[in-house]
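Novice: Sequences are here, hints too, so could you generate the full structure?
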Amino acid sequence: MNKPVLEVRDLKKIYGQGEATVHALRGASMTVHRGDYVAIMGSSGSGKSTLMNILGALDIPSSGTYKLDGVDVSRLSDAQLALARNRLIGFIFQAFNLIPRTSAVANVELPLAYAGVKPKERRRRAMAALDIVGLGERAGHEPNQLSGGQQQRVAVARALVTEPALLLADEPTGNLDSKSTDDVLKVFDDLSAAGRTIVIITHEDEVGARAKRLIRLVDGAIVSDVRQSPIHLRPVGPAMAGRHYA
Amino acid sequence: MSIFEVIRFSLRGLSANKLRSALTMLGILIGVAAVILLVAVGNGSAKAISDRIEALGTNTITVMSTGRGGSSSTSLTKDMADALVDAELAPDVKSVSPVVSSSSATMTYEGTDHSVATFVGTTPSWFAASSTPVGTGAMFTEDDVDQGRRVVVLGQTVAEELFPGVDPIDKQVTVGGALFTIVGVLDEKSSTGFNDANDTAVAPLTAVQQVLTGYGALTSIIVEASDPDKVDAAQDQVSTILDQKLDVSESSSSTPYRIQNASSLLETQTETADTFTTLLGAVAAISLLVGGIGITNIMLVTVTERTREIGIRKALGAPRRVILNQFLIEAMLLSVLGGGLGVVTALIGSHFEIVGVKPVIVPSSIALAFGVSVAIGLFFGGLPAARAARLRPIDALRYE
Ligand SMILES: Nc1ncnc2c1ncn2[C@@H]1O[C@H](COP(=O)(O)OP(=O)(O)O)[C@@H](O)[C@H]1O
Ligand SMILES: [Mg+2]
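Top to bottom, those sequences are chains Z and H. Counted the way numbering that gives the first Met the number 0 counts, the first sequence spans residues 0 to 245. Counted the way numbering that gives the first Met the number 0 counts, the second sequence spans residues 0 to 399.
To be clear, the hints were calculated from the coordinates, so they are not data collected in a lab. Where a beta carbon is used, it is the ideal one built from N, C-alpha and C, also for glycine. Where hints are given, some of them may not hold.
Said to hold, decoys possible - Covered stretches of chain H, as calculated for chain Z (at least 3 residues, CB under 8 Å): (1) 11-24; (2) 312-318; (3) 386-393.
Specialist: Shown next, in the form of structure tokens:
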């Protein structure tokens, strides 16, 4: 509980150069401990995705340090980065990013394949992950045969199949209707209750209200960081969140 | 990940994009098959030509008159032919066969007519010199020539026309109002060009002169050299003697006769055929190139999609090496499969006549076409993948 899952110090990210320079992050610092459920909110263009991509080791900061499980990510080799993405992080994109023309279960198996898990074991664990998100029945379907909410739940299954320490989700419900949003958030609540560390980006207040901790980003800087419920308890869920807000 | 797993991934990648895989393979298939077949057609026609010329005999020289209207001062005579048989002046000449020929002779047997394409009058040495062996029966003799006996050896076509299912030997046919006794039938001969080489009949020179052509000029003289290497020497000796006989001055640039030498004919024909093969090869190479551009196009069109896919795979923790292997194996499978099918297509196609030519496969063209297609496939399939695999995942995902 004392070693943080992730710790960023004074992260800056600058896109472009000269006239077109954009300061997407202006020195963000935060620490997330094991079991926490953090929501990051902010208006469009405030740097949420930029921060998330760096946390997911998909991008590198212009300056600042990022320690994942106590290890400085900037010192990792290409192969070690691949390993970190595979074993430590489960990343969920707003745009789902499933591999096209490939069945749901094959998509979910992918991270396990790269982890070197044998095909039989892989299939078993992928099916278990699909069951968790309630899509066991649709294992053989290809992405274009699934609704947006179902695709996103496949992506969630793919992110959690390797049982990573850290689940990162960039507006996972941004493209979903309220029913699908509820389905996906329910999965997150369950995962949080099971002790997973979750960082989720959202611009929807009710999504933010369900998290244990809420961070607000404005123009690439963290302006508020509020604990909404204790780290070691179950997340409050939709009903409580509603009351809390009222 | 084991290499088998990577191969499984490649196969899954290929089957997930069936149309693209099929088109790419088709492009390679057509390119490879075209190259191999076109080169085979060129080679086949070259071979056909050289076979025909070789069938004429490579150690013979044909002397023909160039004089028009048959003015006696420029025509070839039996006398000249006899003068060429000279151990002193022409030591490399093995045999000399004076030839008269008629293309208007009609042969009749029991009411059946057949117009013989070439009725040849010559001496027995002609059969060996012109590589025209007698199949059944016998050829006529020197004595037959001396006595002007009316005997004849038929070509296969004539024998089949006049004697269907009957042995023609010792039968008598009428030619030009005279009776000829059949003594033999020639072996089947491969035809040159449009003429049927088997539509012929051969009789003693004297008999043909008496019955058909008269005692005027010879059509040609066929000279056989003692050895294929001596053809040039024999040719020099022949022209020296003929120049003397025909009173051609040393300085004169033109002679009243023309000497054709099968080996030099073979050489020029082979050169022509080689040029033809090279030309076809160039056309084929262009088609391979166009096929290659097609493949490149298909692969480039999908780079965006594939780059995004590589971004997803990297985000899920795929090591660069695994991604590279997967895409290289995909490209290799496509090009090897497409190329292999192209080779098979070409091999099957070579069993059929193409524009009247029986293709003869050149083995090196298989290696070349296959090698080039695999190289194109690997390069253009592997290059975008190699580039994408080096990108940061987020850049690959954003690629447009
Ligand atoms: N690849 C990029 N190149 C240039 N500018 C970028 C790029 N990605 C994001 N930005 C800019 O950085 C800022 C923050 O973007 P982003 O992190 O995507 O915001 P959010 O996810 O909060 O909407 C925006 O002004 C955006 O225009
Ligand atoms: Mg965003």
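Novice: All hints, please: hold or fail.
Specialist: Hint-by-hint comparison with the structure:
{"no.": "1", "hint": "11-24", "in the structure": "holds (count 3)"}
{"no.": "2", "hint": "312-318", "in the structure": "holds (count 7)"}
{"no.": "3", "hint": "386-393", "in the structure": "holds (count 3)"}
Going down the numbered hints, you'll see the structure goes against none, and every one checks out.
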